[in-house]
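Trainee: Sequence:
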Amino acid sequence: MIPSIFIILDKLPLNPNGKIDRKLLPLPHFSSIHLTNSIELLLPTNDIEISIHHIWCEILKQSQISTDTNMFTIGGHSLLIMQLFHRYKIEFHLETNALSISNLFQHPTIIHHAQLIQQSINIIHTLDDYSWSSLHLTHARASFAQERIYLDEQIRFSSNKTTMNNMYVIPLLYRISSVNDHVSITRLHHAFQSVITKHNILRTALYLDSNSNIIQCCLDAKIVLNDEIISNGLTIVNLRNDDHRHMNEIIVEILNQPDLFDLSEGRVIRCHILRHYHQSQANISCANGDLLTENDYILINIHHACFDGASTSIFIRDLSFAYQTDDSLSMDDNSLNYIDYSVHEHIMDMSLSLEFWHSQLERYNIECSLSLPFDRQRSSTSQQRSGLASLVEITFDNELYTSFLNYASSHHLTLFQLGLS
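Under full-length UniProt numbering, think of the first position of the sequence shown as 1, with each following residue one higher.
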């Protein structure tokens with residue numbers, strides 16, 4: 001690094017031990033630098049330039065900087081450019097990709113930085129003003145995530161149904177926790193159907209067309225709700241009090257039912273009621289008992305091809321609202337649906353991303369398998385996976401653990417991201 005300022009001294013101050021006494025060294029006066037670098041002091045002319053000027057003065061420790069002064073002539077360097085980049089993002093609410101660090105390097109004056117930021121702001125406003133609306137499609141290419149899940153399920157796990165029928169099930173389990181809490185099965189049934197009617201992703205079928213493309217088809221709500229499994233409402237599992245099976249065993253049995261889902265028919269969501277009853281209630285039809293009480297369970301299973309962790313809060317919010325009201329959920333025909341996202345995903349320009357990954361994987365041997373620990377020996381005659389797994393714990397010593405944390409922090413990564421890499 002080249003020093004930003006040189007201070008000429010007659011002699012260096014020394015302490016009694018003959019070493020340089022740093023406390024007696026004079027402080028540099030950064031504010032005087034601009035006098036030797038600018039014939040005329042140009043002041044900021046707009047709000048953006050004023051904000052940038054304030055940031056520059058703070059970072060460069062100066063009281064005044066001409067807006068046409070080259071930053072590198074007054075002590076600026078690459079690390080300060082990085083500081084400016086992050087300060088600009090915060091100050092002007094910019095996305096990471098909205099501003100280029102290289103452009104800041106190539107145009108290192110307040111005037112030019114203001115112009116670059118104004119361009120970024122204009123682009124953001126243009127995107128905000130764009131009117132996004134539904135394409136009103138019922139058929140379209142599946143999203144990349146749906147394609148991956150569909151192929152994985154249909155091909156990789158298709159021959160191992162004896163070990164795991166539903167690899168991509170997302171279970172939501174809720175227990176009635178108090179004797180004072182009650183849930184009406186009738187109202188829950190109504191709410192369940194209302195949510196399916198509102199969200200077409202919950203009635204979406206996946207299939208291969210004649211060109212071997214994976215297509216998603218949003219089925220009509222009436223057709224889906226006429227399905228016997230769904231139209232009859234929630235599947236009720238009556239558990240006798242003398243049933244000694246552990247609740248986990250019952251749940252695993254349900255999760256492993258071969259007919260739990262059917263992607264080709266759009267059957268991607270199921271709900272089971274796990275209800276206890278006493279022997280004294282045997283003469284009462286449990287199907288007619290409408291209230292769930294303490295320690296009864298509601299198990300909702302949704303296929304991962306149409307649901308993920310971020311979907312949970314939306315689903316529960318709408319299910320709760322529909323349960324509390326007799327009216328159907330409000331629907332906006334112009335609201336964006338997942339099928340709209342899938343279409344936009346396929347028309348995005350990903351040429352730069354493809355170029356990057358081609359270069360990254362150019363010399364990688366794709367035939368080489370990763371030497372990771374596994375719990376069951378894979379068959380030498382078959383590459384099919386069982387779908388079964390176990391937890392492998394690896395203990396790091398403090399030195400490696402600290403190094404791991406420091407590396408993640410310095411590269412702005414989460415531990416999960418670093419672990420995956």
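None of these hints come from the bench; they were simulated from the model. Hints should not be assumed to be uniformly reliable.
[To be verified] Each pair of labels, with its calculated beta carbon distance range:
hint : residue 1 : residue 2 : range
1    : Thr414    : Glu393    : 18 to 24 Å
2    : Met348    : Ser133    : 16 to 22 Å
3    : Ala310    : Phe396    : 28 to 34 Å
4    : Asp290    : Ser328    : 16 to 22 Å
5    : Ser212    : Lys89     : 41 to 47 Å
For every residue, glycine included, the Cβ atom is placed at its ideal position computed from N, Cα and C.
Trainee: Now look at each hint and say whether the structure bears it out.
Mentor: Okay, the hints, checked on the actual structure:
The hint said 18 to 24 Å for the Cβ distance between Thr414 and Glu393, and at roughly 20 Å that hint holds. In this structure the supplied range 16 to 22 Å holds for Met348 paired with Ser133, their Cβ-Cβ distance being about 18 Å. Against the hinted window of 28 to 34 Å, the Cβ-Cβ separation of Ala310 and Phe396 comes to about 31 Å, which satisfies the hint. For Asp290 and Ser328, the Cβ-Cβ distance of about 21 Å falls inside the hinted range of 16 to 22 Å, so the restraint holds.
Take Ser212 and Lys89: their Cβ atoms lie about 44 Å apart, and the range 41 to 47 Å holds.
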